[in-house]
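Chemist: Chain by chain, the residues run as shown.
Number of protein chains: 2
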Amino acid sequence: MQRAAALVRRGCGPRTPSSWGRSQSSAAAEASAVLKVRPERSRRERILTLESMNPQVKAVEYAVRGPIVLKAGEIELELQRGIKKPFTEVIRANIGDAQAMGQQPITFLRQVMALCTYPNLLDSPSFPEDAKKRARRILQACGGNSLGSYSASQGVNCIREDVAAYITRRDGGVPADPDNIYLTTGASDGISTILKILVSGGGKSRTGVMIPIPQYPLYSAVISELDAIQVNYYLDEENCWALNVNELRRAVQEAKDHCDPKVYQDNVYSPDCRFHSFKKVLYEMGPEYSSNVELASFHSTSKGYMGECGYRGGYMEVINLHPEIKGQLVKLLSVRLCPPVSGQAAMDIVVNPPVAGEESFEQFSREKESVLGNLAKKAKLTEDLFNQVPGIHCNPLQGAMYAFPRIFIPAKAVEAAQAHQMAPDMFYCMKLLEETGICVVPGSGFGQREGTYHFRMTILPPVEKLKTVLQKVKDFHINFLEKYA
Amino acid sequence: MQRAAALVRRGCGPRTPSSWGRSQSSAAAEASAVLKVRPERSRRERILTLESMNPQVKAVEYAVRGPIVLKAGEIELELQRGIKKPFTEVIRANIGDAQAMGQQPITFLRQVMALCTYPNLLDSPSFPEDAKKRARRILQACGGNSLGSYSASQGVNCIREDVAAYITRRDGGVPADPDNIYLTTGASDGISTILKILVSGGGKSRTGVMIPIPQYPLYSAVISELDAIQVNYYLDEENCWALNVNELRRAVQEAKDHCDPKVYQDNVYSPDCRFHSFKKVLYEMGPEYSSNVELASFHSTSKGYMGECGYRGGYMEVINLHPEIKGQLVKLLSVRLCPPVSGQAAMDIVVNPPVAGEESFEQFSREKESVLGNLAKKAKLTEDLFNQVPGIHCNPLQGAMYAFPRIFIPAKAVEAAQAHQMAPDMFYCMKLLEETGICVVPGSGFGQREGTYHFRMTILPPVEKLKTVLQKVKDFHINFLEKYA
Chain G
534 MQRAAALVRR
544 GCGPRTPSSW
554 GRSQSSAAAE
564 ASAVLKVRPE
574 RSRRERILTL
584 ESMNPQVKAV
594 EYAVRGPIVL
604 KAGEIELELQ
614 RGIKKPFTEV
624 IRANIGDAQA
634 MGQQPITFLR
644 QVMALCTYPN
654 LLDSPSFPED
664 AKKRARRILQ
674 ACGGNSLGSY
684 SASQGVNCIR
694 EDVAAYITRR
704 DGGVPADPDN
714 IYLTTGASDG
724 ISTILKILVS
734 GGGKSRTGVM
744 IPIPQYPLYS
754 AVISELDAIQ
764 VNYYLDEENC
774 WALNVNELRR
784 AVQEAKDHCD
794 PKVYQDNVYS
804 PDCRFHSFKK
814 VLYEMGPEYS
824 SNVELASFHS
834 TSKGYMGECG
844 YRGGYMEVIN
854 LHPEIKGQLV
864 KLLSVRLCPP
874 VSGQAAMDIV
884 VNPPVAGEES
894 FEQFSREKES
904 VLGNLAKKAK
914 LTEDLFNQVP
924 GIHCNPLQGA
934 MYAFPRIFIP
944 AKAVEAAQAH
954 QMAPDMFYCM
964 KLLEETGICV
974 VPGSGFGQRE
984 GTYHFRMTIL
994 PPVEKLKTVL
1004 QKVKDFHINF
1014 LEKYA
Chain H
534 MQRAAALVRR
544 GCGPRTPSSW
554 GRSQSSAAAE
564 ASAVLKVRPE
574 RSRRERILTL
584 ESMNPQVKAV
594 EYAVRGPIVL
604 KAGEIELELQ
614 RGIKKPFTEV
624 IRANIGDAQA
634 MGQQPITFLR
644 QVMALCTYPN
654 LLDSPSFPED
664 AKKRARRILQ
674 ACGGNSLGSY
684 SASQGVNCIR
694 EDVAAYITRR
704 DGGVPADPDN
714 IYLTTGASDG
724 ISTILKILVS
734 GGGKSRTGVM
744 IPIPQYPLYS
754 AVISELDAIQ
764 VNYYLDEENC
774 WALNVNELRR
784 AVQEAKDHCD
794 PKVYQDNVYS
804 PDCRFHSFKK
814 VLYEMGPEYS
824 SNVELASFHS
834 TSKGYMGECG
844 YRGGYMEVIN
854 LHPEIKGQLV
864 KLLSVRLCPP
874 VSGQAAMDIV
884 VNPPVAGEES
894 FEQFSREKES
904 VLGNLAKKAK
914 LTEDLFNQVP
924 GIHCNPLQGA
934 MYAFPRIFIP
944 AKAVEAAQAH
954 QMAPDMFYCM
964 KLLEETGICV
974 VPGSGFGQRE
984 GTYHFRMTIL
994 PPVEKLKTVL
1004 QKVKDFHINF
1014 LEKYA
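One line per chain: the protein sequences are G and H, in this order.
For the first sequence, the residue numbers in this note's numbering are 534 to 1018.
For the second sequence, the residue numbers in this note's numbering are 534 to 1018.
Excised from the complex, chain G in its bound form (with noise of 0.2 angstroms):
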């Protein structure tokens, strides 16, 4: 064994009988195995080096949380040490993070999540019938009647019956199928399951996979970590992001020449606009449209107003997708098991909310508006102030939770940024982060035109907080624009 690395399952049950019955000394036998090339090797040598590593791994780039983010936590960690800056602390306005940013919970998901978690509540006359009822439906559709016990690969049965209901009320009737949904730990999950099914060949048969520029993160990561080839097709800032049917050709066209293209698209969320899921268009488009093309749709518990990111819920609609795909879809999964039981749950309320006439109706209705309320008002805030800035430019925000404001860097900090080895965007976010400790993300992370510049910049802050923020990228700006002038 000229390298060796040990991978050790421990403890408690491993699940295998080939840990059974063995002494210390078999165990140190064990040990000894893996050890015994070590003497042949110098002291400070490591089998896992970056030259060593899966390459497709060392090429991924997670600009969410990337070394912004990593600097972050560094001055965070001064901050508590005391050592001094010209701010008191980090606001991390570079990732959605609803409740990190003080929103509260639903009180009515928690509810039912406390009832699933600790049945013997469902006894206490604190917590209201409607609640319980629905407590008690997901936990009869558990094994054992526990979130504790594993669920089918593809999620617990009613919850997937409650996500097809819904998606079949959102899109007016238009049917869906309970045994298309599949139930995923958050969005990316089901993602990047997607897309690894999608990816194979090699050469000119590479599978390129198309994603609108400014893109999220995401699908450039799991794109390079499965070899795949990243295809971009540009949306039209001047045109609020929309997207451009001639641009999406020409990206198709020079992309034939090298790969083999296959679409990703982000959709339409605003709340000033009706919603038009893909699936509904495909059926006003007639059967041609809705009885042929495969699609995968995608929704979470973190990105709704319920903001629930820590449970890890999810959910993926697929259709027209091969039987056998399916089953393979299905196989891939059950690697994993199955999605958190605890987030399935949470998947389900936020399907599945009170309605007129259940008791918590009027209390959810309360705390559902006030938080859609306020976000239509930060997005207005939002877009006003950076607009006032001379060399931001900032599109209406009309969904969505985040900002991607477009600014302009000078000739002098394009050239520093370089002598830094670094992207402009990135440099200046680092000095954001270094003179005011706001945390956003550098545009070049999502993808944007050449020579363009935008950052991303989460408006979940409480109002008078989310005020104090863009003044202070206010004032960062214009001294950042006269020292480079």
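These are calculated hints, taken from the structure and not from any lab test.
One or more of the hints may lead you astray.
Given that identical chains are not distinguished, each listed pair holds provided it fits within a single copy or across any two copies.
[Claimed, not checked] Each computed DSSO-like pair below joins lysine-lysine, with the alpha-carbon atoms no more than 30 angstroms apart:
#1 K864 - K813
#2 K864 - K729
#3 K910 - K998
#4 K913 - K964
#5 K618 - K1007
#6 K1000 - K617
#7 K665 - K901
#8 K789 - K591
#9 K617 - K604
#10 K964 - K859
#11 K604 - K864
#12 K737 - K591
#13 K859 - K604
#14 K964 - K864
#15 K618 - K864
#16 K910 - K1007
#17 K618 - K859
#18 K864 - K591
All figures in this text were calculated on a predicted structure; none of them were measured in a lab.
Guided by the hints, dock chain H onto chain G, whose structure is given.
Modeler: The following block gives chain H in isolation, referenced to the frame of chain G:
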């Protein structure tokens, strides 16, 4: 676009600005952009087929939830539809799912989880103070004091500290560093992450992963998904599945001709003899080993006496890993943002249960002893009964929650299996399922020496039910021998 598949991120708050500010018409435009290709293509044609999909994913096999389990699901549906069978229920003895088999959750763990889920309960007199103390500590370490926030990719700090303290206690003072602890989505997530980083190279430098046979199918599944080479070394069934160092040497030597072998080793767990972690053994062997060998160890909330499978909580400890590789590990983990925070909280209780003097200690100890006592009783019961059956041999069950008896399959049955294009033990297990409703996993899914046959069965059913199961297996086996004599 000769081929197109649409991946659509749906609904509330997609994470990139690409979804902002589009009107209904632009939504339609997007959809039609995806669909332009369709008219060229015939109705039934599918883009994603067994031929076009990722061949590595296609190659994945996962016996624990394989064809036998799908068949079990079909039979359950038939029973629900009132179709008559020689049995009234399917007993899923294929997987170690304690609570699905009726094991009650540990009260203290669920109390802490309920308190974390719905903090209003912190004011309730019906929860013990020590549970409230644990819950407050966990919540204080969560963003916004909520399980609904993302945690750091590596996991919640104070939980990693508790894991490190637990490991230090367990290894009699050998220190564990919280910085080396990574919280995961069950043990499976950690194991596949480490394998993902470990695998590299093509041709002769392709990574070979050495695994003990019988193995847990996760390893073979991940290895083929990563297009690495599985290198088997056989454990010694005649010697209670102990490892034979010469067999390990043989496997390494043979492997080196066609790949670059690395070692996976399972570990000792037995209620009868002390637990020895690899890490502790390394330390006992001196610094030449303890400060050189790169080791990754795994544990989860599922397979311990708490049996909380559904929460998908787990951790891994790595030692002597190159700092750059630890950076790569965090980067890779960050792509899935964080493990379920509820699972992390459950993991905290597994490593940090009530101690003597705490209010909940007595009840906790009672519950723990009852689980472990029952397991020992069932292990003995299973071994004794199997060994009474002609053509079945079962090693002593000294750990875990499974039996892996060796079964004799007559030549005529082997022929019958071949006629059905089934492995003989798959044929045996299918017959067992169809005739008795008992679902076990064929040994071929775990690997076994050529010409030997086994099945894996969990011993988790309640004692009375387990007795019935064992009696049914006995009767089936005797009939099977007669039928194919």
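Chemist: Now, for every hint given, state plainly whether the structure supports it.
Modeler: Each hint tested on the structure:
{"no.": "1", "hint": "K864 - K813", "verdict": "within (28 angstroms within a copy, 37 angstroms between copies)"}
{"no.": "2", "hint": "K864 - K729", "verdict": "both (13 angstroms within a copy, 19 angstroms between copies)"}
{"no.": "3", "hint": "K910 - K998", "verdict": "within (13 angstroms within a copy, 60 angstroms between copies)"}
{"no.": "4", "hint": "K913 - K964", "verdict": "within (26 angstroms within a copy, 66 angstroms between copies)"}
{"no.": "5", "hint": "K618 - K1007", "verdict": "within (19 angstroms within a copy, 74 angstroms between copies)"}
{"no.": "6", "hint": "K1000 - K617", "verdict": "within (24 angstroms within a copy, 69 angstroms between copies)"}
{"no.": "7", "hint": "K665 - K901", "verdict": "both (20 angstroms within a copy, 29 angstroms between copies)"}
{"no.": "8", "hint": "K789 - K591", "verdict": "both (27 angstroms within a copy, 25 angstroms between copies)"}
{"no.": "9", "hint": "K617 - K604", "verdict": "within (16 angstroms within a copy, 65 angstroms between copies)"}
{"no.": "10", "hint": "K964 - K859", "verdict": "between (48 angstroms within a copy, 26 angstroms between copies)"}
{"no.": "11", "hint": "K604 - K864", "verdict": "between (40 angstroms within a copy, 14 angstroms between copies)"}
{"no.": "12", "hint": "K737 - K591", "verdict": "both (23 angstroms within a copy, 21 angstroms between copies)"}
{"no.": "13", "hint": "K859 - K604", "verdict": "between (42 angstroms within a copy, 16 angstroms between copies)"}
{"no.": "14", "hint": "K964 - K864", "verdict": "between (47 angstroms within a copy, 22 angstroms between copies)"}
{"no.": "15", "hint": "K618 - K864", "verdict": "between (52 angstroms within a copy, 27 angstroms between copies)"}
{"no.": "16", "hint": "K910 - K1007", "verdict": "within (19 angstroms within a copy, 70 angstroms between copies)"}
{"no.": "17", "hint": "K618 - K859", "verdict": "between (54 angstroms within a copy, 29 angstroms between copies)"}
{"no.": "18", "hint": "K864 - K591", "verdict": "both (27 angstroms within a copy, 9 angstroms between copies)"}
The structure shown violates none of the earlier numbered hints.
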